[in-house]
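Participant: If you read the sequences in order, they're chains A and B.
Positions in the first sequence are counted from 1; adding 879 to them yields this note's numbering.
Positions in the second sequence are counted from 1; adding 3 to them yields this note's numbering.
Derived from the structure by calculation, the hints contain no laboratory data.
Mixed in with the good hints, there may be bad ones.
Some chain A residues well away from chain B (every beta-carbon gap over 10 angstroms; in silico) [stated by the list, open to error]:
(1) 892
(2) 904
(3) 1134
(4) 1153
Using 30 angstroms as the maximum straight-line C-alpha spacing, the simulated DSSO-like pairs for lysine-lysine come out as follows [to be verified]:
(5) 379(B) to 890(A)
(6) 890(A) to 200(B)
(7) 890(A) to 285(B)
(8) 1229(A) to 1214(A)
(9) 1012(A) to 1320(A)
(10) 981(A) to 1357(A)
Keep in mind the model is a prediction, meaning the values are calculated, not measured.
All C-beta atoms, glycine included, are put in the ideal place defined by N, C-alpha and C.
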Amino acid sequence: MKTLSKPIVFKGAHEMPYTTHSLSDMSWNQTGTWRYLRPNYVEKIPACQSGCPAGEPIELWLRELETGNVSTAWEILTTENPFPGLMGRVCFHPCEKACNRKDLGGAVTINMLERSLADQHGYKNSSVKKWKKDIGKKIAVVGSGPAGLAHAFFSTRLGHSVTVFDRFPKPGGLFRYGIPEYRLPKSIVENEIKKLYDLGIKFECGKNLTRQDIENLTKSFDAVYLSLGAHISRPLGVDGENAKGVIPALNFLESAQLAMEGSATQVPACKGKNVIVIGGGNSAVDASRMAIRLGASNVTIVYRRSRVEMPAFAEEINDAEAEGVKLIMLAAPAKINAAAGSVKDILFTKMKLGDPDASGRRSPVAIPDSQFELPADIVLTAIGEIVDEQLLPQKGDKIIFGGDMLDQPRTVVNAIASGKAASIELDCKWRALDFNEVANKIGVPETSVLRMTEYLRLTSDIKTIRRENVSVKQIVVKTEHLNTYYFDNSQPGSYPKKGVTERLKPNPMMEVHSAPLAEMAKTQLERCMHCGHCTECDNCYIYCPDVSIYKAKGGYDISYDFCKGCGVCVKECPRAAMIMTEEPT
Amino acid sequence: MSHKEVLMGNHATSWGVKLSRAQVISAYPITPQTQVVEELSEMCANGALDAKFIKVESEHSAMACLIGASQSGARTFTATSSQGLALMHELLFYAAYARLPIVMTDVNRAMAPGWNIWSDQTDSLAQRDTGWIQLYCETNQEVLDTTVMAFKFAERIKLPVMVVYDAFFLSHTYEAVDIPDQKDVDKFLPPYKADIKLDIETPRSFNSLNPPVNYTEFRYTMEDAHHKAKKVYDEIADDFYNNFGRRHNAITSYNCEDAETVIVTSGTITGTARVVIDNLRKQGEKVGLVKMKMFRPFPVETVRETLGNIAGGNKIKKIAVFDRNISHGLGGIWASEIRNALYGLDHAPQVYGLISGLGGRDVVPETIVEGYKLTKEHARPEKNAYWLNVKI
């Protein structure tokens, strides 16, 4: 440090400065030496990613989409989830429940924006690249539903050969034969699955494999991924349920789709009929709305608990009601009456809610002498699905289960996540990596979410968007970590839906949801707070009292020669993309 | 070409600031200054004035902003009154001791409590020890002209300048004002060039520690600047007259050639006093008027020349100083400063301190006549200050 050898003596006023100031440039005084804490730029895990079972880096693809980089956004998304066009229509969007913006006006409409991204990218040019080289391993996937397709997608990109078997004429599983056309157009399903064909995945459809067939697969494949789904509907367990016209709701939906595809299947004629749907889950609601569209004159859902206990998505229940489906709560079938072998009416017993059962919901308890009758031409049963135990082979180390066969929530995104997890597990096994150790590094803390992006960074030389001089912290950003002063309380828009009259005429199978207009999508994109990631908002740059933050490519540099470690930058970062750490000693 | 508009005093200030091309304006609103800054913000919004307008949460912050901006070489301006000026008090010292050429308008308003928004000079005069230049105005034209001169003056002498005028009598009253052409003002007032300034390319430290061994010399050189400032002001006033045809001297005499009693005023009381002088003259009274414009630096020499009978003889016998202010425990401030300036002169006249017009009470011709009569009735002032038009 420069000091004067002796004090300056001014000979006269003319020599004096107007006020005290340093003789010259003070750059030699490197105030960085005063520091005991230093600021750093980091990347943390945004809350949305921690809420997505498929681990999509949602904040990142929203940011690329906002900047207009549709292809990049799409590539980022399809590294974690093969089907933005399908998920943007049917996912139950737990990401929005996790989104920190829910505390500042309302969650970002991620689901709608994912559909918008898929629409903008288009469905024709949707080829993806492989990530690793082939090492001669072969996988058989049985069941081409969400889990099986996802597993095929990821395993092929990781370099392995995959053949997919399915009992139906076309691939898709519940995408095609479960979720109805007006929720998920099959043209979109076909287009989204095309990328699997482009990857060279072989499909053998219309093959109804037996247990023996499945066991034989272990001889010619290095792994067999069973994603058969839970496609056996529970029987009602009441007299008369074998009458003609009593059909599992799942089968009803399957045959409706098969008929639309031109197969010889007969759909039970609904036109002008009374249709009763027993059950309260998504299958029940889907079947009821399909019955309306097939021309039924009365469609009634009867559920043994009350409306709040119905497992179906609330929005779907509201839509069903709007479309004319009636709801009767707290009633269970006691007997089905037939005439000439076909169902005529059902006897119901009224229920009341008693003590909670294993699921935590209050059990229905029959009310004595409370029976009533409802006429029925068709009865669709939807009281739960189970795995077909007869197909399960002896457990072997080549067999892996996935999707609804696992003990996990029965949603599409959970199925996709299970397909991905199995791909990573197999890839680790075949490339001699410790899966548990890997899972620790690539998982989102305190969840079972695995990130393919992280797996690729760890085990290949694939670069991802990452700034230099930014370190990665495996911390999930919550609202309390943000500086919410910098965000308004704007409310989100809603995913556009057709009005009820438009839905049913002229084309009742027309998709109910529609893409948002460009202006609305833009406004919704701008609501993302990009938790844990620098968006170059310049707050740190403007606020640094030591003028020690400089703009650099893709972000900022801190001059540690002068930074005194006051921490104002970290405090004023709206999105917790900076942290203070102790000075290395 | 200049053009005439009917302007309220506050807008005359806005025009003065706009013509002077102030670069950073930071202000907090207070009655009766609000229109100064309102008009300036509109001028900034519609591009008439290219200035950075910083909204702040208090007058203290406003002055803090300007100190920073001025130290980085920008031409700066703010406006305030009474409580706001008082809130800035510590930073008034800072601005002056740091030798920053900040220009501030103070619209004279009474200090509270009782809450009073009307004309009273106590607010600005109470800041007399902070080191600021203080210039007072009688008309809206003088307000505009003084504002333009203030920037030139401040930047030459390296001291901040306060331009002061009465609440409501000038601030809110419309008078015809000649607005000079921008080109002419640009000729008169070139852009501000600071010698040494805050510059992140060449970082310096400013206004730092100054122990006993050095501190006195800085006060000495600053006081020297105040001594030189009167002469600098005279040059600038001449320069202004040559460019714009209007003269605003530090002290102006009216009808004093054979006056035995001189009434001394500042601010708008001056205008009323002129009419009273004319009437008294018609009645044969030998009375004149001196208008004080400069309060700091206190123009001791000129006061002595004008009022001190230094040419010899005993021409002016009595001086009646009208103070629209009160320094409690002392009396009127102008009277006290004038007495001080005249002390020791062989033929110093009697100085009568007259307090009137506090809290915006109108100083009507009758009040001025009352003060004049008082000097006739008392051979010498028995009190430091006489209160005129007091109801109790």
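Participant: Run every hint past the structure and note whether it holds.
Facilitator: Going through the hints against the structure:
{"no.": "1", "hint": "892", "result": "violated, 5 angstroms"}
{"no.": "2", "hint": "904", "result": "violated, 5 angstroms"}
{"no.": "3", "hint": "1134", "result": "holds, 69 angstroms"}
{"no.": "4", "hint": "1153", "result": "holds, 70 angstroms"}
{"no.": "5", "hint": "379(B) to 890(A)", "result": "violated, 55 angstroms"}
{"no.": "6", "hint": "890(A) to 200(B)", "result": "holds, 24 angstroms"}
{"no.": "7", "hint": "890(A) to 285(B)", "result": "violated, 60 angstroms"}
{"no.": "8", "hint": "1229(A) to 1214(A)", "result": "holds, 13 angstroms"}
{"no.": "9", "hint": "1012(A) to 1320(A)", "result": "holds, 23 angstroms"}
{"no.": "10", "hint": "981(A) to 1357(A)", "result": "holds, 11 angstroms"}
The structure is inconsistent with the numbered hints 1, 2, 5, 7, although it conforms to all the rest.
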